[in-house]
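Participant: Starting from the structure of chain A, add chain B where the hints point.
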Amino acid sequence: MATAYDITTKQAEPEQEGSVPVVVVENLHKTFGRHKVLNGISLGVSRGETLAVLGRSGTGKSVLLRLIIGLDTPDSGSVCIQGQAIAGLALDRMGEIRKKMGFLFQQAALYDSLTVAGNVGFPLEHHRRDMSKSERSERVRQLLAEVGMENDLEMMPSDISGGMQKRVGLARALALEPEILLLDEPTAGLDPISSGEIDDLILKLQSERQMASIVVTHDLHSAKTIAGRLALLNEGDVVIEGTFEDLQQSDIGFVKEFLQQS
Amino acid sequence: MPSVASSATRLFNGFFEWFGSLGIFSWQVLRAAVTPPYEWRELIRQLDEVGSKSLPLVAMAGAAIGVIISLEARYSLSRFGAKSMFPATLVYSVIQVMGPVITGLVVSGRVGAGMGAELASMKVTEQIDAIEASAINPYRLLAATRILACILMLPLLTLATDACALLTGWFAQALVEPLSFHQFIESGFSGATFNAFLPQTFKTTVYGLIIGLIACFQGMRTRGGAAGVGRAATNSVVLASLFLILADVVLVKFILVFFP
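Top to bottom, those sequences are chains A and B. Everything in the first sequence is counted per the numbering used here, starting at 1 for the first residue and increasing by one. Everything in the second sequence is counted per the numbering used here, starting at 1001 for the first residue and increasing by one.
There could be a bad hint or two in this list.
Example chain A residues on the side facing chain B (calculated, C-beta under 10 Å, incomplete) [claimed, not checked]:
hint: 1; residue: Ala108
hint: 2; residue: Ser113
hint: 3; residue: Thr115
hint: 4; residue: Glu125
hint: 5; residue: Gly169
hint: 6; residue: Arg172
hint: 7; residue: Val238
hint: 8; residue: Ile240
To be clear, the hints were calculated from the coordinates, so they are not data collected in a lab. In this text the structure is predicted, and so the values were computed from the model without any measurement. Glycine is no exception: its CB is placed at the ideal position from the N, C-alpha and C atoms.
Excised from the complex, chain A in its bound form:
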């Protein structure tokens, strides 16, 4: 099995400091009721690198992202963001770390009482009080232009399609110029064309911004396109981690089955 940090990505080569992982997950365990979701998972992602976390539904992929951003607490194990362990941090201290992270939720989780522009401007209003209103509006317009939504500023989330909501969610996740990007099923529920557009968008953003990204998906094609490294989960743990080629060459039964069915 390939190790966590020595695999060359297919994207732009991470910068020198990129060899130091900015997100490190070690021996994470999480149980909901009697259902053990994560069973000692360990992962790491460096700057400029994209890791795709694959697996069947219910294997704890989304839970892993929620633990990384601190929305849930692990039963045991640790999550370190840029060398800082997040366990037990107060909400405001955790907020300082979250400012460096962008999160795209599976259902986009847009604020339904705000317009598209309001959603993207929301983090800026709270964290960039040094910016004038016009500067914020301009920044929102730029962010929405990056995701191809610059003509829908005043639309309400309920009036746009699922793919558009994902784009807006992505623009919102990028608002504070994060160093770490967490994407939960960015192409789930989208048609192949929209999925391809989202994949292209993520690749473009990655090459421009050199963020450390973790993409949770069950879409193998999407994972292959956007990520240099893939981790396949089963029963709460990583079965294999490496490039797509590593997965193809694996003799592990579950890996073979997953690749055949995808």
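Facilitator: Here is chain B on its own, set in the frame of chain A:
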């Protein structure tokens, strides 16, 4: 029977778990409320939501209560030959008892259900998680502002209820027997001290705290989709109204002891 015993244990545990969670939630809200940055804009929005938008409702409730008390008081006082006591009876009944409680219950119904459902809906659609993921403290932005708005607005809404009740109470009486408004107010408030009215009005800040706290707590801990949202709204109203009445028992005794 073991099943009865286990049910009772579950109920008992659930009861204490609920109060424990409420205590932790209250502490988180308090800590968020007193530390900067302060969410002034959201607070103003909530003051409008709780205050201005509840005003017509409490005014109507007050108007109805005024007429009811007027009718009942006139009939009862006439039986005992104490019709001259009508203005004072109406004023004291409205300001000391009915105004605060009716305002609390009406606001509990409108605002409690609204807040509970709104926050529950945000919870189940991960909007609260999105706020947290955006490095914004949801206890400060969502809960502290709403609770503070309830605390600040309840006394003002109570004054509005009282004013409407006194106005319609006088009007209902004046239709039967000539009584000028000036005469009614002068007679009703004669000998009244601040202690007679102010504590009764300001006790509604506690009602506001109860309504805001219960609604935010129920909303922000919701699980289970649309059914969960419905449950949160219902529980917010039921629990807030119940705790409000229970709190009134303690507050009335407290006021009688400290503001005789």
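Participant: Evaluate each hint against the coordinates.
Facilitator: Hint-by-hint comparison with the structure:
Annotation: interface hint on A:Ala108 holds; nearest CB of chain B at approximately 9 Å, less than 10 Å. Residue-level restraint check for A:Ser113 holds (minimum Cβ-Cβ distance to chain B is 9 Å; threshold 10 Å). Given hint, A:Thr115 at the interface with chain B, is violated; its Cβ is 15 Å from that chain's nearest Cβ, farther than 10 Å. A cut of 10 Å between beta carbons decides the hint on A:Glu125: the least distance to chain B is about 8 Å, and the hint holds.
Interface restraint check: A:Gly169 against chain B, minimum CB-CB distance 8 Å, threshold 10 Å, status holds. Hint status for A:Arg172 relative to chain B: holds, with the closest Cβ pair at about 7 Å, below 10 Å. A cut of 10 Å between beta carbons decides the hint on A:Val238: the least distance to chain B is about 24 Å, and the hint is violated. Proximity of A:Ile240 to chain B is violated relative to the hint, the smallest CB-CB distance being about 29 Å (cut-off 10 Å).
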